[in-house]
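*Asks:* Work the whole structure out from these sequences, hints included.
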Amino acid sequence: MKITQISVFLENRQGRLYDVCSLLGNNNVNIRALTIAETESFGVLRIVVDKSDAAIRLLRDNQFVANFTDVIAIEVPDKPGGLASILKVLAENEVNIEYMYGFVEKFSDKALLVMRFEDMDFAQQILAKHNVHVVAEKDIQGL
Amino acid sequence: MADVPFWNREIETAERSRLQELQLQRLKTIVGTGATADDVFQNMMTYGLFTGGLGLHYGAERVGMTVIPIGGGNTKRQIQTMKDFQTTVVHITPSYLLHIHSRMDEDGICRKDLALRKAFIGAEPHSENTRRKLQDLLQIDAYNSYGLSELNGPGVAFECVCKKDMHLWEDSYIAEVIDSQTGEVLRDGQEGELVLTNLVRRAMPTLRYHTRDLAFLYPEGCDCGRTHRRLSRILGRTDDMLIINGVNVFPSQIEEKIMKIPEVATNYQIYIDKKGALDRLTVKVEIYPKLFLGEVAKLEALRNKIREELQASITIAPVVELHEPGSLPVFEGKAKRVVDKRPKD
Numbered sequence: 000m001k002i003t004q005i006s007v008f009l010e011n012r013q014g015r016l017y018d019v020c021s022l023l024g025n026n027n028v029n030i031r032a033l034t035i036a037e038t039e040s041f042g043v044l045r046i047v048v049d050k051s052d053a054a055i056r057l058l059r060d061n062q063f064v065a066n067f068t069d070v071i072a073i074e075v076p077d078k079p080g081g082l083a084s085i086l087k088v089l090a091e092n093e094v095n096i097e098y099m100y101g102f103v104e105k106f107s108d109k110a111l112l113v114m115r116f117e118d119m120d121f122a123q124q125i126l127a128k129h130n131v132h133v134v135a136e137k138d139i140q141g142l
Numbered sequence: 000m001a002d003v004p005f006w007n008r009e010i011e012t013a014e015r016s017r018l019q020e021l022q023l024q025r026l027k028t029i030v031g032t033g034a035t036a037d038d039v040f041q042n043m044m045t046y047g048l049f050t051g052g053l054g055l056h057y058g059a060e061r062v063g064m065t066v067i068p069i070g071g072g073n074t075k076r077q078i079q080t081m082k083d084f085q086t087t088v089v090h091i092t093p094s095y096l097l098h099i100h101s102r103m104d105e106d107g108i109c110r111k112d113l114a115l116r117k118a119f120i121g122a123e124p125h126s127e128n129t130r131r132k133l134q135d136l137l138q139i140d141a142y143n144s145y146g147l148s149e150l151n152g153p154g155v156a157f158e159c160v161c162k163k164d165m166h167l168w169e170d171s172y173i174a175e176v177i178d179s180q181t182g183e184v185l186r187d188g189q190e191g192e193l194v195l196t197n198l199v200r201r202a203m204p205t206l207r208y209h210t211r212d213l214a215f216l217y218p219e220g221c222d223c224g225r226t227h228r229r230l231s232r233i234l235g236r237t238d239d240m241l242i243i244n245g246v247n248v249f250p251s252q253i254e255e256k257i258m259k260i261p262e263v264a265t266n267y268q269i270y271i272d273k274k275g276a277l278d279r280l281t282v283k284v285e286i287y288p289k290l291f292l293g294e295v296a297k298l299e300a301l302r303n304k305i306r307e308e309l310q311a312s313i314t315i316a317p318v319v320e321l322h323e324p325g326s327l328p329v330f331e332g333k334a335k336r337v338v339d340k341r342p343k344d
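Sequence order for the protein chains is A and B. Counted from 1, the first sequence has number 65 at position 66 by numbering that gives the first Met the number 0; the numbering is strictly sequential. Counted from 1, the second sequence has number 204 at position 205 by numbering that gives the first Met the number 0; the numbering is strictly sequential.
Simulated from the structure, these hints should not be mistaken for laboratory data. Each hint should be verified, as a subset may be incorrect.
Below, computed lysine to aspartate or glutamate pairings styled on EDC-like, alpha-carbon distance capped at 20 Å [what the hints assert, rightly or not]: (1) 289/B with 299/B; (2) 128/A with 117/A; (3) 289/B with 10/A; (4) 297/B with 117/A; (5) 297/B with 18/A; (6) 283/B with 262/B; (7) 283/B with 118/A; (8) 274/B with 39/A; (9) 283/B with 117/A; (10) 304/B with 10/A; (11) 283/B with 10/A; (12) 289/B with 91/A; (13) 1/A with 118/A; (14) 297/B with 52/A; (15) 297/B with 39/A; (16) 297/B with 118/A.
*Replies:* Written as structure tokens, this is what we have:
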């Protein structure tokens with residue numbers, strides 16, 4: 000079960016990140032998870048928000064280059080070794096992770112992570128097969 | 000046995016002797032600066048298709064100097080070679096020579112480790128101030144050099160020991176200065192476009208070739224006694240051609256490449272500034288929103304692709320910057336795509 004992440008291209012210019020966050024903030028969009036991938040010359044902001052469609056419209060109307068990307072929200076035991084146990088399953092089954100980052104809130108008592116995989120469908124199969132709990136889009140919006 | 004090839008002294012063709020004429024021209028050019036067979040010549044201009052490399056190489060060999068065909072780039076190696084071979088004469092762009100000087104400290108090499116006495120500088124416009132600076136910093140004599148590939152290469156005009164602008168070899172070229180709007184031939188001393196006609200070449204006759212370089216010819220003679228008229232420093236261009244670290248680049252070459260890359264929109268900017276002593280070319284492009292999928296690796300790959308495509312066309316590798324759509328200036332009418340922040344010294 001995939002959820003929606005928004006990726007935003009950030010030129011290497013002062014205040015660009017602030018521009019994005021204030022735009023979303025002023026329009027009542029709440030960021031639930033975020034990370035920035037940077038290179039020497041630009042960045043890509045990745046966010047999971049509570050109102051994806053509204054957010055992407057806002058961004059595009061304000062001249063931001065933004066797009067949807069599918070990711071998966073995975074629950075991970077919230078204790079030392081919790082993440083490692085999930086990664087073991089993935090590694091043993093040759094599932095490649097492109098990137099991951101954490102949510103601000105939890106869905107249950109477990110830690111909640113965003114992950115993007117090289118092969119999203121295959122990853123979902125493996126996760127399901129090993130009973131790794133994945134959180135649905137509708138539940139993310141309620142966080 | 001029939002058809003076995005043997006070299007025959009009579010195979011000397013007309014064209015070979017033309018090449019020898021060129022070598023003689025460069026020979027006398029080099030000798031005019033006071034360089035001799037005892038000198039060690041490090042030819043730091045690019046070899047290959049660029050005429051600046053092999054052009055002066057052959058001339059220097061005729062003089063009888065030791066010629067090091069090192070070509071361009073690899074600053075560390077250039078400096079080490081100057082020390083190891085005790086180079087006395089270099090052929091180089093003035094900006095690269097300044098850059099070399101700024102890097103000597105890093106490699107723990109100081110002026111007294113070197114034996115430099117002369118530099119032949121050219122391929123890019125530079126001022127009298129730049130020449131004096133090079134002479135002071137390196138304690139050498141620096142001679143200005145003018146040439147163009149269409150007219151054989153280096154040594155079309157070159158300074159003598161007086162260093163008061165360059166003697167244009169009028170036994171090899173007819174030089175005229177014209178008003179590029181009207182075509183009228185101007186008097187000596189008047190600034191206009193240099194037009195050259197080649198006298199000693201057959202393979203590619205060049206009659207009244209518009210160099211697009213702005214300059215003037217001196218009416219007066221030179222203290223050295225030569226009557227070949229002197230050509231002033233090049234004062235500019237009649238077209239939009241750029242010279243970046245000695246390499247000629249037309250903005251249209253860059254435009255043509257960018258238009259062919261589907262991932263970038265058609266708004267772009269060519270930005271030139273200085274990084275230390277060297278010129279730096281940056282091409283700024285706007286990305287197409289539709290093609291942005293959020294992957295950093297793909298964007299980096301795009302940047303590299305643009306860089307490589309441009310390098311294949313203009314031979315130098317520019318810095319490529321990806322920008323958001325709408326962030327580069329848009330112009331109505333004729334776009335001012337080139338921003339040149341290099342100080343005009």
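*Asks:* Going through the earlier hints one by one, which of them does the structure break, listed in rising order?
*Replies:* 5, 7, 9, 12 and 14
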